[in-house]
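Line by line, the protein sequences give chains A and B. Going letter by letter, the first sequence gives residues 1 to 301 in this note's numbering. Going letter by letter, the second sequence gives residues 1001 to 1152 in this note's numbering.
Heads up, some of the hints might be wrong.
Unchecked claim - Below, simulated DSS-like cross-link-like pairs (lysine-lysine); rule was C-alpha separation at most 30 angstroms, straight line:
#1 K1144/B with K7/A
#2 K202/A with K1093/B
#3 K11/A with K1144/B
#4 K157/A with K196/A
#5 K1150/B with K196/A
#6 K1128/B with K195/A
#7 K73/A with K1128/B
#8 K143/A with K248/A
#9 K196/A with K1128/B
#10 K143/A with K88/A
#11 K274/A with K143/A
#12 K196/A with K1133/B
#13 K88/A with K1095/B
#14 K11/A with K143/A
#15 K1095/B with K1063/B
#16 K7/A with K1097/B
#17 K1144/B with K1093/B
#18 K1095/B with K1144/B
#19 K202/A with K140/A
#20 K1128/B with K11/A
#21 K196/A with K1144/B
#22 K1133/B with K157/A
#23 K195/A with K1150/B
Honestly, the hints are just simulated from the structure, not real lab data.
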Amino acid sequence: MDIISIKDLTKGEIEKILDLSEFMEKNMHIQNSLLQNKILGTLFFEPSTRTRLSFEAAMKKLGGVCIGFATSKYASVEKGENLIDTIKTVENYCDVIVIRHPKEGSARLAAEVSVKPVINAGDGANQHPTQTLLDLYTIKREKGRLDLNIALVGDLKYGRTVHSLAYAMAMFNASITLISPEGLEMPDELILDLKKFNVTLKETYDLESAIPRSDVLYVTRIQKERFPDPEEYEKVKGAYKIRPESLKNAKQDLIILHPLPRVDEISPEIDQTKYAKYFKQVYYGIPVRMAVLALVLEAVE
Amino acid sequence: MKEVKVRKIKNGTVIDHIVAGQALNVLRIIGIAREYPRTTVTVAMNVPSGKMGTKDIVKVEGKELKEDEVDKISLISQNATINIIRDYEVVEKKKVKMPSLLEGVLVCANPNCITHFENIKSKFIVEKETPIKLRCIYCERVMKEEDIVKQF
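With the rest of the complex left out, here is chain B:
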């Protein structure tokens, strides 16, 4: 019998196949504390997985997360899947998709970038997905994976 570590949710969103250890960063990227302050959230880390060895899972109860909220996860976990649950059943399942523009998620690595001095959201164009390459639309500086992971 399959061992159940986290109970099923009735309604909401299950973010599965998160790179092991990245679950808390996923919560940070979605801004869960800010956007859904009263929502029950379950986090499972380092869960055994056939495909990935180990993985993290995040369950958000009672909320169906929208695409623009979850796509940002692809920054740290490109193979994460999003399952929308209604009445204990998966009604929709999809992979996260890298957005073409990332707004307000990251901080520009260039210390002399205007975004650090004015009250504005950072904006990055996704120039390449793998390996990831972002470009600040303001200072035009390129950010690579090492600049991105440092921020979480």
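Chain A with its partners taken away, still in its complex shape:
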């Protein structure tokens, strides 16, 4: 089994992963040897802090070991080796491959080439399924269910995280509000994908009016390089920043998530509030990746 795109997973499979994640979380403190003698190969052709470290932590918590590289600078890629050859080489050294690569479709190709299971840890602007799974798990753990009012804020045009999360939340019949600056709206094609499901969809430029009815506020970064005019960027950035006063009409049990890294779209004062769950979200990444690793290595049913 490979984990390449959230779209490959059925609702049932996602539920199974979330249940398994909960099992992993409950047993995280116990010495575990589920993946003893198994080797994880982490091929990070692009740098990442959270994803790589949490995969490695997850593997070690299950008794396995990790090998790999954290930037393509040191790999034979620098010498001009193509991806197919790299995969055909590395699969001899390990039992499961986690790959992050700047080109879209690279993980699907790796899975096609490799006889060992492949997990996509981000292929360019396309997919990052374990991020989506941990987002779902965070929501489920913190709120108990997924059919909620979720507001996705920020760059909805280029942000792969929000694309996949919106798709997954639509599968679970959530009510989704899309909030972005003009020009960074979610592409029509993706909206059409969402409408396949029984989903309530709203699009707006107005963050303030969307907050009171939200159960989950999922905030993402708006990248400076998307704006030709720096002044325009500053304006937009200000309008979509979450400050304590933005939350004055928020539900008492609102949770705020962010895939991180954060620049300044959530002001640091929010960190101290009960709403802030983005570091908890990081923590939940471990049991989710434990579940995914155990599943693809067929260590669990």
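Once you've looked at the hints, dock chain B against the given chain A.
Just chain B now, kept in the frame of chain A:
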């Protein structure tokens, strides 16, 4: 009397009802120069047609084209018909059918797709036939008619 612009062939395949002007693209899609380098091929373009106004026709002599070769034509000419000729008679006549997977025919419109950087064939799933909607199995980018016609 009917005016005969292109002579009948004894054996082979006649691809009829091609959208006018698309005959050369049909040859390209089939890869005629590559697959059948010594075959006589006749092309008729902008032929008057009752049904279509004008149409193109391609005749491939001595070769009976297989389904997977001709179905790709549906990308640019959904109503094309394939006639298999034996001894001057049409022994089989069928419409092209859109395949569910298109391999190696098109180039992904996403410049950052891995298919542009590795030595692999492109692969597209046909998600919808009319209007046509394809999805790259690698980068998941959707290709529509305007992305497809540009390539021929």
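Taking the hints in turn, this is what the structure says about them:
1. K1144/B with K7/A: Holds - the C-alpha atoms of K7/A and K1144/B are around 20 angstroms apart, at most 30 angstroms.
2. K202/A with K1093/B: Between K202/A and K1093/B the Cα gap is close to 50 angstroms, so the pair fails against 30 angstroms, i.e. violated.
3. K11/A with K1144/B: OK: K11/A and K1144/B at ~28 angstroms, within 30 angstroms.
4. K157/A with K196/A: 19 angstroms, holds
5. K1150/B with K196/A: Holds - the C-alpha atoms of K196/A and K1150/B are around 29 angstroms apart, at most 30 angstroms.
6. K1128/B with K195/A: 16 angstroms, holds
7. K73/A with K1128/B: Measuring from Cα to Cα gives roughly 42 angstroms; hence the hint is violated.
8. K143/A with K248/A: 20 angstroms, holds
9. K196/A with K1128/B: 14 angstroms, holds
10. K143/A with K88/A: The given pair, whose Cα atoms are some 43 angstroms apart, is violated under the 30 angstroms limit.
11. K274/A with K143/A: 13 angstroms, holds
12. K196/A with K1133/B: 15 angstroms, holds
13. K88/A with K1095/B: Violated, because 42 angstroms separates the two Cα atoms, which is more than 30 angstroms.
14. K11/A with K143/A: OK: K11/A and K143/A at ~18 angstroms, within 30 angstroms.
15. K1095/B with K1063/B: At roughly 18 angstroms apart (the allowed maximum being 30 angstroms), K1063/B and K1095/B satisfy the hint.
16. K7/A with K1097/B: Status holds; Cα separation ~27 angstroms.
17. K1144/B with K1093/B: 29 angstroms, holds
18. K1095/B with K1144/B: 22 angstroms, holds
19. K202/A with K140/A: Holds. K202/A to K140/A sits at ~22 angstroms (cutoff 30 angstroms).
20. K1128/B with K11/A: Roughly 23 angstroms between the alpha carbons, so the hint for K1128/B and K11/A holds.
21. K196/A with K1144/B: Given that 30 angstroms is the threshold and the Cα spacing comes to 19 angstroms, the pair holds.
22. K1133/B with K157/A: The hint holds at about 20 angstroms.
23. K195/A with K1150/B: Given that 30 angstroms is the threshold and the Cα spacing comes to 29 angstroms, the pair holds.
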